Each structure stands twice: as C-alpha cells, then as structure tokens.
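Novice: Please build the complete structure, drawing on both the sequences and the hints.
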Amino acid sequence: MPRSRDNARPQPIPTSGPAAQTPPSRSSSLFDLRSVIALLFGVYGLVLLIMGIISGDAPANLAKTGGMNLNLDVGIAMLITAALFALWVRLRPLRIITPPPPDQR
Amino acid sequence: MTAAAQANDILRLHPDVVDYLLVAFYFALVLGIGFAARRSVSSSLDFLLSGRAMPAWITGLAFISANLGAIELIGFVANGARYGIASAHYYWIGAIPAMVFLGLVMMPFYYGSRARSVPEFLRKRFDRTTQRVQAVIFALSSVLIAGVNLFSLALVLEALLGWPLLAAIPIAAVVVLLYISFGGLSAAIYSEVLQFFLILGLLIPITIAGLSRVGGWSGLKAAVTAGPGGAAQLSAWPGTPLTEIADPVLSVIGIVFGLGFVLSFGYWTTNFAEVQRALSAKSMSAACRTPLIGAYPKALIPLVIIIPGMLAAVLIPALKTLKAGGDSGVTYNNALSLLIKEVLPNGILGVAIAGLLAAFMAGMAANISSLNTVFTYDIWQDWLKPDQPDSYYLKVGRTVTVIGCFLAIGTAFIASGSSNLMDYLQALFSFFNAPLFAIFILGLFWKRMTGTSAWVGLLCGTAAAVIIDTLVRTNVIVLSSQAGSFVGASAAFVVGVGVAIAVSLVTTPKPDRELVGLVWSLTPKSSREHPIERDDAGWYRSPSLLGAGVLVITVILYIIFA
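Protein chains in written order, with our numbering: chain U, 411 to 515; chain L, 77 to 638.
No lab work stands behind these hints: they were computed from the structure.
Given the structure is predicted, the values throughout are model-derived calculations rather than measurements.
Think of the CB as a built atom: it goes at the ideal place given N, C-alpha and C, for glycine as much as any other residue.
Among the hints, a few may not be true.
Derived Cβ-Cβ restraints for the label pairs, each shown as a range [stated by the list, open to error]: (1) L/Ala100 <-> U/Arg500: 23 to 31 Å; (2) L/Gly401 <-> U/Leu497: 51 to 59 Å; (3) U/Asp467 <-> L/Leu216: 48 to 56 Å; (4) L/Trp239 <-> U/Ile464: 27 to 35 Å.
Footprint (simulated), chain L over chain U, 3 or more residues, beta carbon under 8 Å [as the list claims (entries may be wrong)]: (5) 451 to 458; (6) 469 to 478.
A short list of chain L residues far from chain U (calculated; beta carbon distances all over 12 Å) [what the hints assert, rightly or not]: (7) Ser294; (8) Leu518; (9) Ile636.
Specialist: What follows is the structure, encoded as structure tokens:
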C-alpha cells in the first residue's frame, strides 16, 4: 500500500495496517463502546419492562398502540439487545486496539 | 385560540417523570463518554481523527449516523407522508451506488494518500490554492448547516416540550460543545454510534405500533390506496409526484441521472462530514469497509422512516386534512412528532424524545467536528500558522470547537428567518458538492488535469449552481424547487468538468511521479489493494463482497416496492 510520500509535515502520522499495532497515544484506553451500548439498552429495557408490567394494559395505552403492550415488547427487545452486546464483549474482550466483530473464523 | 397556538397544542407531547429520566440518562451517558475519551486524547491527530484507530463497524455506523441527522429524520418522515414509497429513492438509488463507489474506488485514494481532510487531499492532487478555496467554502457551509441543525433542534424542543426557542438554542449548543470539546472526534464518533441505536429505538417502535393501529401492511396499503395520493404512492417508479416532472420517462431519467448520479455521487463521495469517519478507520481495509457497512443500514432505514411517514398520513386527522388539500395548522414536517404523540405511550416516549434530541446532536456534532479538522489543518496549519508544535494545533482544534458552536448559535438565528429549511439545504448541496465532485472525478481519472483548472472549475461550477438557483427562485426558469436542485447540480457538474478541461489544456500539469497514488492510471493495482491479515482477514470482510451484497439487497427492495 502507498506509504507516506509527504514527510515534510511535522506531526506524527501513524501508519496503518499491521504496523498500526501501537496507536499514537492511548486511544485504546477509551472504554469499550459495546459495554456502553449494553448499559444504555439494559437500563432502558429494564425501565420499559417495568412500565409495561405496571401500565402496559391501561386502556389509554392500548388505544395508542392498537392493542399491543408496546413498552413490554420493546423493553424485552432492548434487554435482549443489551445481552447480545454484553455477550460480545465477554467473548471478544478489548485487545490493544478494539477487536473485530465476534464471528471471526 | 390562534392557528399557531392550536397547532402547538396538537404538537405538544406530555412526557412524565419516567420519560424525562430516560432522556437525562442518555445525556449523562454521552457526557460520560466525552470525559472518558478526554483522558486518552494527547495529540491533535487523536483529537481530530481519533488517532486512526477505529474498527470498521464503529466507523461504518458513525458514517451513516453522521448522515442520519434530525433534518433527515424529520424531512423523510415528511416526504413519506407526502409522496409515499417514492421518497425511498433518496435512500436507494440516491445513496447506495455512490456509497459502494466510495468504498471500492475512491477510498483507497483518500485513505492511501494519508490526507487528514478532503481539502488536504485536493492539495496533494492539485495545489495549495485549490485546498484553500475548498477549505474556506467548506468552513462556511459547515457553520451554516450546523446552524440549521441547531435551529431545527430548538424548534423541536419548543414544539414538543414547550421550551422557548431563545433558551433551547444555546442549551443545545452547550451540550454539543461539551461532548465534542471533551473528547474530539472519538467522543463524536462514539456517541454517533450510540445515537444510531437510539434512533432505531425510536423508529422501530413507531413503525410497529403504527402498523398495529392500521391493521398491518395490508391495512396500510388499503388506507393509502383510498387516500388522496392513491395507489401510486405505493410504488417507487416512476416517482412523478416526487420529481414533479409530469412525463414518467423524464421523471425516471431525472431520478436516475439527477439524483442517482450527480447529486448522490457528489454528496456521498466528497462530503467531509461523512468521509472523515472513514479516515478515522484503523486500516485501509477498514476505511474501505466503512461506507459499505454504512450502506446496509442506509438501504433498510426507509422501512422504518418512509413507512412511518405513510402511517402518519393515514392515522392523524390533521395530516389527512392537509393531504386532502385543507388547512389544519400543521405541516408535513410535523409528521414525525405527530406520530410519536399518536402511537407511543409514556415510557417508550422518553426513548423517542432522547432519540430525536440525539439525532439533532448527531448532525450538528458532525458539522462542528469536520469544521474543526478542516480549519485546524487546512486553514490554520497549512496556511496561516505553519510549523508550530502539535500541542499548539490541539489547542487550536479545541478553540475552533468553541467558536464553531457560538457561530452556529448565530447561524441558527439566521436560519430561523428562512422559510423552507429542506430547500435551503438542497441548494447548499448543489452549490458545494456537485462542483467538488466534478473536479474530483476528473482529477482521479485524468492525469493531465492541472491545479489551476481545479480551483477555477470549482468556482465556476459553484457559480453555475448559484445562477440556476437564482433563476429558479426568481421564476425566470419555471421548475419546482426539487427539480431545480437536480438541474442546478447537473449544471454545476457539467460547467465544472467543462471549465476544468479547458483550463487544463492551457496550463502545465504536475509531473507523473507526484501523482502516484492520486490518479487511477498512475497507481499500480497492488497499492490500491490492502493487506488481508489479522483483523482484516475473513471472506466476509472483502469490500467487493460487501459492496455486491448491498447492491443486491437494494435491487430486491426495489422489486418488492416497484
């Protein structure tokens, strides 16, 4: 692949590909985005699940959603999403640089 | 009660404590990312391009999220309500081929050139003048568009939650400022990915609940067929209501060439707010995959954005009146908030409000962070104040973020004076993206093209688009604003290419050896490829396969909704 042909610039320009194992600074210490997604949907899912159980069958809500308990259904879906992201973090923990998708080989 | 007050009352959502807590939780999380990201930022490259360490799935989703701003969200739910399925052209033919082209053809040149911004790439291929012309134009348009985003955000806050505009604009600006300035692009990219999922958490429930209300897809079809638009709104082609070109053949040509080629390629291949996401990828292969991974959600999003629009048009009495030609005090731009109010119970309502706010922040953060990069590198470092230590440019980057947010507050008040935001934005894109695409594509395939011809072509192309826009506005040329921006973009492209060819023939080109890696014919095939080892290995990571896959999905979607 083309290497930097423009060495006159003063800043460190990191190379890519295999040589990029060490990023220019510790961007690797940024906490794992997948855990943040799991946290967001975990909390949202739990709140919606509780809302669904408490008031999901109230007539006013059923009239809005056309007869489905939307909070409950979306809450469950979000909890499943959160669990999947948490599982991904578990199976492929953060390496030096953020890891590839989980299904490698 | 006045019509405006009445409309305001129709629009007002009634969030309860739980809803507000869900919104607050999201913003706490986003600011948390900013603080955490800040600890790991130590160079200007880190701040502006995330140290080029992002994996492809993150940059891919950020790529599409940077595009899925709130104007897009509100605008396309509105289009769905008004035109039906034909609006999906903007997502399919108007995006997918260009995104595949960007990933497979252009990205090796962008990423391989090690340019940190689109103007810097122009300097390498052409000359400093082209870089500076484009950097100034870009900085200007970023601030204008950030203002539009900020203003629309404030409008939503005002209409939905009852916050006054004067307070909502600065509050929103401060929150965007906090999270970009604490973490640079890392924070912007991370929260964009979070926003992407949150926006899905808004769109999917309204689609499901809306469909449940009308009795499923067949119920929706029956309702739309019985409505004012008729069955024509259930098919994508020939799209005459969308283009406002009466002749079906010309309408198809307008969509395929105007939208599918000039506007779409111009937008997707040169729009720095998106391309910057790919430049942050950790390897050439990841950079190429960025727009391709983004293309998959792009192809599928119309299902949860156009269909809700159609649902809103059949479910909400005020919109039904509007569509039948009556006046009910609402506009199509209210379709999304009306539908949210109509179908979502408290609880999920809080998620939806957080998603809407997130979408506005995504758009504005994308504008500000790319303004930041272009200003710091292309205007300040390469032009006004070269040869300073890196820490100096890091400080400049942070300062520009603050100034950019304040300028956006100003342009937000300017935007508040314009009558139709979508038209305003479309016009901006035809001014800036179409001529840029013209010189890009010519420069990529024609090594004889010179530096002088690039900036002259750029300025002439922009002038052509501005002239067409003025003629359409003053009714010298009678065209709808939609068709006007198709014609304006085409004119900008043709004039840009024409002028660049003419000027190139009378000026001296760069020697071949300086163009290796920047011009197709001078770049050996081996350097356009990328290593396929470690994180880049695996057949499913092949860019060509990913590109082919999304094209097939798009064709299937077109067959389903023909």
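Novice: Could you see if the CB distance from L/Trp239 to U/Ile464 stays within 27 to 35 Å?
Specialist: holds, 28 Å
Novice: Taking 12 Å as the cut and beta carbons as the points, is L/Leu518 off the interface with chain U?
Specialist: Fine: 21 Å to the nearest Cβ keeps L/Leu518 off the interface.
Novice: Could you check the hint for me, namely that L/Gly401 and U/Leu497 are 51 to 59 Å apart, CB to CB?
Specialist: Between L/Gly401 and U/Leu497, where Cβ atoms are some 53 Å apart, the hint holds.
Novice: Verify this for me: three or more residues of the region 451 to 458 of chain U with a beta carbon less than 8 Å from a beta carbon of chain L.
Specialist: holds (count 5)
Novice: Given a hinted range of 23 to 31 Å, is it respected by the beta-carbon distance of L/Ala100 and U/Arg500?
Specialist: holds, 29 Å
Novice: Is the nearest CB of chain U more than 12 Å from the CB of L/Ser294?
Specialist: holds, 14 Å
Novice: Per the coverage rule (Cβ-Cβ under 8 Å, at least three residues), is the region 469 to 478 of chain U covered by chain L?
Specialist: holds (count 7)
Novice: Using the beta carbons of U/Asp467 and L/Leu216, state whether their distance is inside 48 to 56 Å or not.
Specialist: At roughly 55 Å between Cβ atoms, L/Leu216 and U/Asp467 fall inside 48 to 56 Å, so the hint holds.
Novice: Is it correct that the beta-carbon of L/Ile636 has no partner in chain U closer than or equal to 12 Å?
Specialist: About 24 Å separates L/Ile636 from the closest Cβ of chain U, which puts it past 12 Å; holds.
Of the numbered hints stated above, none is contradicted by the structure.
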